[in-house]
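Asker: Residue numbers (the working numbering), protein chains in the order written: chain A, 1 to 344; chain B, 1 to 344; chain C, 1 to 344; chain D, 1 to 344.
Worth flagging that the hints you see were computed from the coordinates, not collected in a lab. In this text the structure is predicted, and so the values were computed from the model without any measurement. Don't be surprised by glycine CBs; every beta carbon is placed ideally from N, CA and C. Be aware that a few hints might be false.
[Claimed, not checked] Partial chain C-side listing against chain B, Cβ under 10 Å, derived:
{"#": "1", "residue": "Arg33"}
{"#": "2", "residue": "Ser45"}
{"#": "3", "residue": "Asp46"}
{"#": "4", "residue": "Asp48"}
{"#": "5", "residue": "Ser50"}
{"#": "6", "residue": "Ser52"}
{"#": "7", "residue": "Phe88"}
{"#": "8", "residue": "Glu115"}
{"#": "9", "residue": "Asn116"}
{"#": "10", "residue": "Glu316"}
{"#": "11", "residue": "Gly330"}
[Claimed, not checked] Here chain D is said to cover these stretches of chain C; the calculated rule only asks that three of the stretch's residues, wherever they fall, bring their Cβ under 8 Å from a Cβ of chain D:
{"#": "12", "stretch": "164 to 178"}
{"#": "13", "stretch": "195 to 209"}
{"#": "14", "stretch": "234 to 243"}
{"#": "15", "stretch": "246 to 260"}
[What the hints assert, rightly or not] A short, non-exhaustive set of chain B residues, derived as facing chain C with CB atoms under 8 Å:
{"#": "16", "residue": "Pro165"}
{"#": "17", "residue": "Pro169"}
{"#": "18", "residue": "Asp173"}
{"#": "19", "residue": "Val175"}
{"#": "20", "residue": "Gly179"}
{"#": "21", "residue": "Gln193"}
4 protein chains.
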Amino acid sequence: MEFRTTSRKDNHIVLSVKEDVSSRTSPWFEYLRFVHQSILETSLSDVDISASFLGHAVEAPIVISGMTGGTDLAKAINESLARLAQKFKIPIGVGSQRAALEDRSLARTFSVVRENAPDVPVIANIGQSQVAAGVSREEILYLVEMIQADAIAVHINPLQEVLQPEGEPDFRDFVRKLGEFVKESPVPVIIKQTGEGLSRESASKLRGIGIEGIDVGGAGGTSFAVIEGLRSRFYGRDLLEKVASTFADWGVPTAASILEVREIFPDKLLIATGGIRSGVDAAKALRLGADFAGIARPILKELYEGGLSRAEKYLEQVIKELRVTLFLTGSSNLNELRSAPIVI
Amino acid sequence: MEFRTTSRKDNHIVLSVKEDVSSRTSPWFEYLRFVHQSILETSLSDVDISASFLGHAVEAPIVISGMTGGTDLAKAINESLARLAQKFKIPIGVGSQRAALEDRSLARTFSVVRENAPDVPVIANIGQSQVAAGVSREEILYLVEMIQADAIAVHINPLQEVLQPEGEPDFRDFVRKLGEFVKESPVPVIIKQTGEGLSRESASKLRGIGIEGIDVGGAGGTSFAVIEGLRSRFYGRDLLEKVASTFADWGVPTAASILEVREIFPDKLLIATGGIRSGVDAAKALRLGADFAGIARPILKELYEGGLSRAEKYLEQVIKELRVTLFLTGSSNLNELRSAPIVI
Amino acid sequence: MEFRTTSRKDNHIVLSVKEDVSSRTSPWFEYLRFVHQSILETSLSDVDISASFLGHAVEAPIVISGMTGGTDLAKAINESLARLAQKFKIPIGVGSQRAALEDRSLARTFSVVRENAPDVPVIANIGQSQVAAGVSREEILYLVEMIQADAIAVHINPLQEVLQPEGEPDFRDFVRKLGEFVKESPVPVIIKQTGEGLSRESASKLRGIGIEGIDVGGAGGTSFAVIEGLRSRFYGRDLLEKVASTFADWGVPTAASILEVREIFPDKLLIATGGIRSGVDAAKALRLGADFAGIARPILKELYEGGLSRAEKYLEQVIKELRVTLFLTGSSNLNELRSAPIVI
Amino acid sequence: MEFRTTSRKDNHIVLSVKEDVSSRTSPWFEYLRFVHQSILETSLSDVDISASFLGHAVEAPIVISGMTGGTDLAKAINESLARLAQKFKIPIGVGSQRAALEDRSLARTFSVVRENAPDVPVIANIGQSQVAAGVSREEILYLVEMIQADAIAVHINPLQEVLQPEGEPDFRDFVRKLGEFVKESPVPVIIKQTGEGLSRESASKLRGIGIEGIDVGGAGGTSFAVIEGLRSRFYGRDLLEKVASTFADWGVPTAASILEVREIFPDKLLIATGGIRSGVDAAKALRLGADFAGIARPILKELYEGGLSRAEKYLEQVIKELRVTLFLTGSSNLNELRSAPIVI
Ligand SMILES: Cc1cc2nc3c(=O)[nH]c(=O)nc-3n(C[C@H](O)[C@H](O)[C@H](O)COP(=O)(O)O)c2cc1C
Ligand SMILES: Cc1cc2nc3c(=O)[nH]c(=O)nc-3n(C[C@H](O)[C@H](O)[C@H](O)COP(=O)(O)O)c2cc1C
Ligand SMILES: Cc1cc2nc3c(=O)[nH]c(=O)nc-3n(C[C@H](O)[C@H](O)[C@H](O)COP(=O)(O)O)c2cc1C
Ligand SMILES: Cc1cc2nc3c(=O)[nH]c(=O)nc-3n(C[C@H](O)[C@H](O)[C@H](O)COP(=O)(O)O)c2cc1C
């Protein structure tokens, strides 16, 4: 079992890097244009993009989204991602820690993140199926302590569960179990869909159980339907391959999901992951109501293909673009960006 | 005459399999998106897609649409299709039984369906021209008994009649004749357009004459204009080839036709055939108001190219996709699917 | 001068046949779809498409639009076109008769039309520039008698005048001169734009001066901007070539022009020429308010490339498609077609 | 420093001529169509397109937009452009005169314009950064006298400042400084954005400080994001290259910018530059509210590739197309064009 879990993690990384695993839908950011402002009275160097992540001060509203852990490759990747987070002073997540629950010797593939990112918020990660199956208080503490996490994300992806031969598409009693999980957790809990977005209806079901953050994980970026389809193709699982292909455009696009979730949770931490590719995309996500924009696959790809320095350049670019977007819309800080004129 | 009828049947099969005979319009399902639901509290295995076909319980709201009969090839195909219907416990139709009326020795090419599908609804089939020309009570009984049919479909396709050199585009008195046909029929009668859809106006003309079901047979899937165009090309009938090409996008797209017909017949059995290619398409047809989604050509193609096992895999895929669509929209059964949130 | 006029005529013919001289805009017929009717109670053979052209009974609402005259090639073409008109019992126009005014020996290149089409309406043709320059009563009679015309078309194309080096873009006093022309003409006068359409405003200026018909000559079919552009290219007239290319999408598309002109002239003969390619296009033009649909270039092309028999097949096809469109919309005649349901 | 400034000028010219440096957005002129008028009562030769530029009579509402100066190549180009302006009797601008402020020996690369265009309005040019940094009264007089300017344009392009390594994206106190500049200037001041357009909000900030003209410089034509991106690529400045590419479609398209600025400044001189390619584009800009249409890169390209004679032909073409547009919309002069019917 642990072998399966860990090798699958490597599969995900390699496929994400080598194939086009994006959703067949777009995140819908193209429907939004900022209005350029020519007559400015500020200096680019005055633009302030610092933000607060669940009470922790960070230097940009960008999250390195959790991707991996559990294998040697994953450890090396996590170490690099952590260095980036530390360098840019931005929050970072780890991939699902399930493997480390099953085999505690794998904990070091995750703890490497905290070691290399001592000064930024780190987000633990566990899957919906584990929560639905029940995680003990001791296990939650173990997950959090492993990386001295500031928050823990429960990732949900019912479509992926359906498409994995080893998937467990059984979520009976999930919301109640999630409520218990929240009560047991020593740190704030974030609900994180990965690639198909949260709708208004789904968000409503989360009200009143004490979660502190939502990552909309919208459609338009990395698609696990596409990834699982490629894995099924490789293993000759024809049926799952075809079903995956049918659902490759499924989900609520990120831009739409931000609007729907913000309506339900006006005050909670809202992270927008899924198809954020540039600082202009990030600015659009923030303009629509997100507090942070999360990025996963592009960073992984730069890292894998060009090493730490290229991944660093990429993040530098995103952050510069975000600053320039604030500048050119006449916004001095993130608060002003939220009311910058746009065209839809 | 019987030779013409039977060889034409084989033409249709071979062309449908080897050429792209789809309408130049789409079924318009792309204008509809389901809203993904992340926060589920059910299990995929609890999703119930069983349905009732004119009082007969079946395991999925999918119909294997009538395609053939009358030749040896047709017999072999019908036998396989029947096994599929029996396996999945879903209704099945036969192709036009006109040939068997003309030459009763051909009855076995149709009866093979009932022999191999003893436990599911089987739908007899006869053309509008025959009904317009008058079918005797004895003939109707013969058609029904041949396959112990649970219903009989009268297929209509005025465009095809126009495009066949052997066509009979003369429908004077058709509605009255259809009324008589309904009265004589020992089983429920279904009106079935094949590929150009039923409009609101046409559906209205069917009110009050006792039909029990409508198959909208919308534009966007197999197009007999395209098929007849290819036949005309082959036989050098230039005029008909060109006219066929002009009308290759003619008709009411399936999605539109479902809405129009459901408005006129709120309570009758409504089958949506024409361009259903996946379980998501089928779910969309049901969401718009259909009771069943019918599929013809894709099954034929899988069967012809990959044998029974591949056709079986295809149907398995469609049914799985339909189940997954219910699951991911938070619908436990077909009734709940009918009010699942959608985006247009 | 006469040499220039006649050789230009041959240029036009050859370019129209060998190059793609269609407007860079479409006639907008694609925005209109007829609603297919499945439940019919008529026979195709009962569909009646006979029409009346300024009081003359004809067998279809199709006009062979005036194209040529003045050269030997033109004479041969006119003879064939006339035979087609006579065969299908439909109206036919001749090309501009200006050349025959300048050199009366060229009259036979036009009169060949009446000789070969004794039983159908024949339309004489003269340009706006001649009318603006003043045509004497004697000249008008000469034009009409040359072909025993039932009507005379005054073609207008200010854009073409601009683009021809020999053009005369001077229309001062045109409307008054046209009024005089109408008074002098022994037969009804038709105003005919060729390829850029008549707008509501332009149509309004024609009110009250006694014209009996309008050919909207909309954008979307043969474009004289494109034709003149090709001629300028050939002769190295760079400036005119470029200007022509800028205006290659200029004009009111045929479908729009029909609606605008019908609003101003609810009762006059309205011919829709420009981009009619099939009987379905013709039906759409009639549905929008035209009395006749005119076709020019496609007939010329079939004739040039495939001789009389292929041009005949083409017209047969258009007429068949028109009949089928009436049939499949449940219209028994052109009057009923005018209220057939459509989707925009 | 002066070296950097002048060589950069040559870079801009060469890149503009050899690469596709247009914005990845369009100027949105394609959303507007003029309505063709067939029934005209004027002559093309009567169409009057003369205009007034800040009180100076000119023969067409076309401006040769300021592009260059400061190098030998620039001097040669400026000389040719000036001859064109003189020939067509239209206003002409020079490129940024900053280099000549830094090194007065470069003045002759600008003064060549006035020498060759004695009878038309000439527009001086200085950048926003210089104004923000403060330009003395003596310097302003120097700029104006250098070319005996009739007006002076202050060009603004915060995006370009961001994308140039040598850029100065610091505009604190700019509006106040601009106000002082206006007071000191002996000639009217024009604010000129170059390629990203002026929005309603930015235009509002300019109210009440005494500027006499606005050049909207909208997105859809030459893009300095694209040009600077190419320069960064050449010099291996990866980060700036990528940021430039992200912003290559940034800005308010010219057509939109005209509407927004005209709303704020109903009576000031409004020049529309950015993506004007033909006389029809120019006519559309005027129809939307501009007084003049400015053209830069196409003239430069014709000049560079085909010499003075080809550039002259191009301007002849644009002016002819503008005249023809007036003619075919039934407008005798620019005033009538402003209420010509259009379709959006
Ligand atoms: C290789 C890979 C592995 C991932 N694994 C996890 C995971 O274990 N837990 C999780 O919450 N999200 C996981 N994600 C999802 C990302 O956090 C993110 O939500 C998603 O990739 C969309 O962002 P993107 O379009 O920027 O890639 C993974 C993504 C990738 C590319
Ligand atoms: C080869 C072939 C033969 C068909 N023959 C008949 C027929 O005899 N009677 C009938 O009602 N429909 C017939 N159909 C129409 C189908 O039942 C169905 O309505 C149509 O193909 C649209 O569905 P599809 O797009 O899934 O193919 C035939 C279809 C095919 C492909
Ligand atoms: C070669 C050629 C010559 C034409 N000459 C004339 C003409 O002399 N007078 C006239 O009124 N229209 C003339 N026309 C215009 C046609 O009558 C018709 O209005 C136009 O071609 C648009 O129809 P289409 O798109 O079917 O070609 C000519 C068209 C062509 C192709
Ligand atoms: C090579 C080049 C250099 C330019 N330099 C200047 C300049 O120095 N000052 C200025 O105000 N605009 C400058 N511009 C901008 C043009 O004046 C004009 O606003 C812009 O190119 C958009 O017009 P277009 O799309 O017709 O090229 C320059 C343009 C080009 C192509």
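Asker: Sort out which numbered hints this structure fails and list those numbers smallest first.
Answerer: 4, 5, 6, 7, 8, 9, 16, 20
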